[in-house]
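Protein chains in written order, with the working numbering: chain U, 1 to 345; chain G, 1 to 509.
Keep in mind that the hints are not guaranteed to be accurate.
Stated by the list, open to error - Restraint-style ranges between C-beta atoms, simulated for each label pair:
1) G:472 to U:82: 54 to 64 Å
2) U:288 to G:190: 35 to 45 Å
3) U:338 to G:402: 19 to 29 Å
The hints are simulated quantities; they were obtained by calculation from the structure and are not laboratory data. Here a beta-carbon is modelled for each residue, glycine too, at the ideal position from N, C-alpha and C.
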Amino acid sequence: MKKLVSLALALVMLLALVACTKTAEPAAPATETKTETTEAKTETTTASSGDFPTKPITLLCGYSAGGSSDLGCRYLAEALREELGQPVVVENVPGSGSWLAWNQLLQTTDKDGYTFALVNLSALYGHYDETNPRQYTIDDFELLANHVIDYQVLCIRNDETRFSDYASFVEYAKNNNVIFAAATNNITSGDGTVAKMLEVKHGCQITVIPVDGASDATTMFLAGETDILSANVGDVMDAAENGYKPIVIFAPERSGYLPDVPTSAETGVDDYVSFSARGYAYMKGVDQKIVDRMIEALTKAFDNENYKKQMAAMGAQLELYTGQEYKDLLNSQLDSRLDIWGVAK
Amino acid sequence: MLQNILLGFAQLASWDVLLALLIGTAGGMIVGALPGFSAAMGVSLLIPLTYGMNGTAALVMLTAMYTSAIYGGSITAILCHTPGTPASAATAIDGFQLTKQGRGMEAMGVATVSSAIGGTVSAIIMLFVAPALGKFSLKFSVLEYFLLAVFGLTVIASLAGENIVKGLFSGVLGLLLGCVGLDALAGVPRMTMGNINLEDGINFVPALIGLFSVAQVMSLAYDVHHGKTGSVIEDEENLKHSRVLPPWKETKTLIPSQIRSSLVGTIVGIVPAAGAGVSSWICYSLGKRFSKHPEKFGHGAMDGVASCEAGNNAATGGALIPLITLGLPGSSVAAILMGGLMIHGLTPGASMFTKNAPTTYGIMVGFLIANILMGLIGLFAARYIARVSSAPMGLLGPVIVCLCCIGTFAIRNNMFDVLVMLVFGLIGFVLKRCGFAAPPLILGMVLSDICENNWRRTLILAGAKGGLFKYFIGRPIAIVLFLLVLVSFLSPIIMNAVSKKAKSSALEK
Numbered sequence: 001m002k003k004l005v006s007l008a009l010a011l012v013m014l015l016a017l018v019a020c021t022k023t024a025e026p027a028a029p030a031t032e033t034k035t036e037t038t039e040a041k042t043e044t045t046t047a048s049s050g051d052f053p054t055k056p057i058t059l060l061c062g063y064s065a066g067g068s069s070d071l072g073c074r075y076l077a078e079a080l081r082e083e084l085g086q087p088v089v090v091e092n093v094p095g096s097g098s099w100l101a102w103n104q105l106l107q108t109t110d111k112d113g114y115t116f117a118l119v120n121l122s123a124l125y126g127h128y129d130e131t132n133p134r135q136y137t138i139d140d141f142e143l144l145a146n147h148v149i150d151y152q153v154l155c156i157r158n159d160e161t162r163f164s165d166y167a168s169f170v171e172y173a174k175n176n177n178v179i180f181a182a183a184t185n186n187i188t189s190g191d192g193t194v195a196k197m198l199e200v201k202h203g204c205q206i207t208v209i210p211v212d213g214a215s216d217a218t219t220m221f222l223a224g225e226t227d228i229l230s231a232n233v234g235d236v237m238d239a240a241e242n243g244y245k246p247i248v249i250f251a252p253e254r255s256g257y258l259p260d261v262p263t264s265a266e267t268g269v270d271d272y273v274s275f276s277a278r279g280y281a282y283m284k285g286v287d288q289k290i291v292d293r294m295i296e297a298l299t300k301a302f303d304n305e306n307y308k309k310q311m312a313a314m315g316a317q318l319e320l321y322t323g324q325e326y327k328d329l330l331n332s333q334l335d336s337r338l339d340i341w342g343v344a345k
Numbered sequence: 001m002l003q004n005i006l007l008g009f010a011q012l013a014s015w016d017v018l019l020a021l022l023i024g025t026a027g028g029m030i031v032g033a034l035p036g037f038s039a040a041m042g043v044s045l046l047i048p049l050t051y052g053m054n055g056t057a058a059l060v061m062l063t064a065m066y067t068s069a070i071y072g073g074s075i076t077a078i079l080c081h082t083p084g085t086p087a088s089a090a091t092a093i094d095g096f097q098l099t100k101q102g103r104g105m106e107a108m109g110v111a112t113v114s115s116a117i118g119g120t121v122s123a124i125i126m127l128f129v130a131p132a133l134g135k136f137s138l139k140f141s142v143l144e145y146f147l148l149a150v151f152g153l154t155v156i157a158s159l160a161g162e163n164i165v166k167g168l169f170s171g172v173l174g175l176l177l178g179c180v181g182l183d184a185l186a187g188v189p190r191m192t193m194g195n196i197n198l199e200d201g202i203n204f205v206p207a208l209i210g211l212f213s214v215a216q217v218m219s220l221a222y223d224v225h226h227g228k229t230g231s232v233i234e235d236e237e238n239l240k241h242s243r244v245l246p247p248w249k250e251t252k253t254l255i256p257s258q259i260r261s262s263l264v265g266t267i268v269g270i271v272p273a274a275g276a277g278v279s280s281w282i283c284y285s286l287g288k289r290f291s292k293h294p295e296k297f298g299h300g301a302m303d304g305v306a307s308c309e310a311g312n313n314a315a316t317g318g319a320l321i322p323l324i325t326l327g328l329p330g331s332s333v334a335a336i337l338m339g340g341l342m343i344h345g346l347t348p349g350a351s352m353f354t355k356n357a358p359t360t361y362g363i364m365v366g367f368l369i370a371n372i373l374m375g376l377i378g379l380f381a382a383r384y385i386a387r388v389s390s391a392p393m394g395l396l397g398p399v400i401v402c403l404c405c406i407g408t409f410a411i412r413n414n415m416f417d418v419l420v421m422l423v424f425g426l427i428g429f430v431l432k433r434c435g436f437a438a439p440p441l442i443l444g445m446v447l448s449d450i451c452e453n454n455w456r457r458t459l460i461l462a463g464a465k466g467g468l469f470k471y472f473i474g475r476p477i478a479i480v481l482f483l484l485v486l487v488s489f490l491s492p493i494i495m496n497a498v499s500k501k502a503k504s505s506a507l508e509k
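If we strip away everything but chain U, and leave its shape as in the complex, we get:
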């Protein structure tokens, strides 16, 4: 009897597990994809790129499930499935600022076009980070298309009396030490680079406190621990509700989400532009026909009404760049950052 009960229990436990993996489908398909990639080796030689894709496609996301990067991937996977007629499976491989996912893409994945990855600026600038340089550069990726550009802003609290706009802030910071929170103080961090720019270009006195992420920076800023908040547009959508306001956006044009905030050029202080960008890429060496097919499908997926609505709800600024245009965009931001940090390319 005892044995029977325990057997039944073990069965229940297994069933529970199965049930869990069912709901967990998007996050735990790794085992499936593994077998698929080995199959792919034999298939690529026979399958012509004309009828690509003939089986599910994997999208590597280097961030945990539930975050904004992951949600973006999942929305895209849905839109892309409609374009390609094959399921697109998001595989989360978080760790080391997404480098686990990119290493997997560049080192061990077949170049058959059935695996692509989410890439952001860290993938392209990591090589120039002097404290922990990465092996790969922008040239190791086959860039497909960029879809989100999130420009940087500076914000002040509503009750701030020492400065009221970008010009008066820069004047104040020239003579007074300003405390500024940034996630990692190096070239890969947009906030860190804004702080460095203020120091190098305007002679401001900035004390940078490295924090874990955007929400920590906001907490310290609202508590009055830091003097100014450097963030991305997507992080400050709720600024008005929580008692602070953006004073400048480091973008060539005003943002649709913050129509009242002047660009840096409009303030007359400088014409600095800084942003974080999210897009998608293959590794080098994928058949050009497949690359073209994928760019075409991505471009169409970005135009999907449902997708656009979902991305807008997250406050994402959608701007499409493909191929060479995409590369130029990233290189121009890279040059600007290398210049500020005084690093040779």
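Here the structure of chain U is known, so what remains is to put chain G in place on it, guided by the hints.
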């Protein structure tokens, strides 16, 4: 206010919301009970399912999942010494001892009731004073996080087990292991041996699973090999006439622990850097300090189970407060919930209590009911689930190890984590054989990051604000925390001296 709360109840009176509540609660228990499947994972997996729902139903399901998963973790912690989530690691200490004594079902009953009380108290606090408490979370900053972590470290003394020196060694080893990975402030890799998988540090959940579950299975296997009986329970006699709750006389004595842990847990949950894990350790240690029989802790104390279970579920409600009122997530789960709010067009902040008040109160009332529902389901199920403890070891062990491997792999889809888990299983086994306690090691690993990073941030910040002392005396909460640390650190020494004096004077007479 009252009108809003009634409106919240009205929001719940629809089939889709009630169904969402049930799915969230029941699903949470299963996810929580599986080692490696944490609350964060459960919530993030549910998010895609909520796309088509209305805001209230979606958020009620997600928050129900959150609290219920934190409770579910205690089921396997008590019965198999396998904490389903990091938040129930402290529960495993006394809970498993009780199971060994054949009182696993009672321990589960106590854990269920305590979790429900903790969650309910925090939900009530959230319903009535959320906006005011949200502001309170802003009073905590890097210095306070650091002091809170130091306070947590003083807990090691109460976890050390038989030998205080060995306990301290485990704690220090934990602190050292917590230093592995990228230096959070300078970005330099430390002790990673060039392995990119170690850059984020030793992943905490696999280490925990290894130290607790795998090590436990190994030592049970060792016992079986040396001719002991093939099941977890030492005292079969107790099991035969066991019940879901201890006699009222004993249950009654747990109430102070439950209330204290509920309040402390809610406050710790509000602090942005802490969370359910830290809360359960702090509440466990306070439970021991205030207990009438502290010597029972570690050997199967019911109030040990009650303290940490009320504490970790109270922290879930606490973490929701700064999230809803200020858009500041206090834990990793809260950060994912924030994504859930945004998807449904709810921007955290002041508008949650004006424009979106009906939805907000619907969510908060739903969270309250989820905690009660969780208690009811738990009490009903305890009778059946507790039988796991009478399963023969030869069957249970492999199933546990299997689940551990799957759960660990699923965290990051990474085989390296499975390796980490197995290595820590071996470390845990060796430590256990040599009489070193594992809990201080876990605590050291949890707190190492919070301690170091926030202390270094404090130094930078204080340097820019006119020196550490000047900064410190301007912060009342920091002063209170500092005094608490001092009391916690010095009280055993003073107590020792006092009792020695009393003894010697008694001898003289």
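TODO: Report the numbers of all earlier hints that the structure fails to satisfy, in ascending order.
DONE: Violated hint (a single one): 3; every other hint is consistent with the structure.
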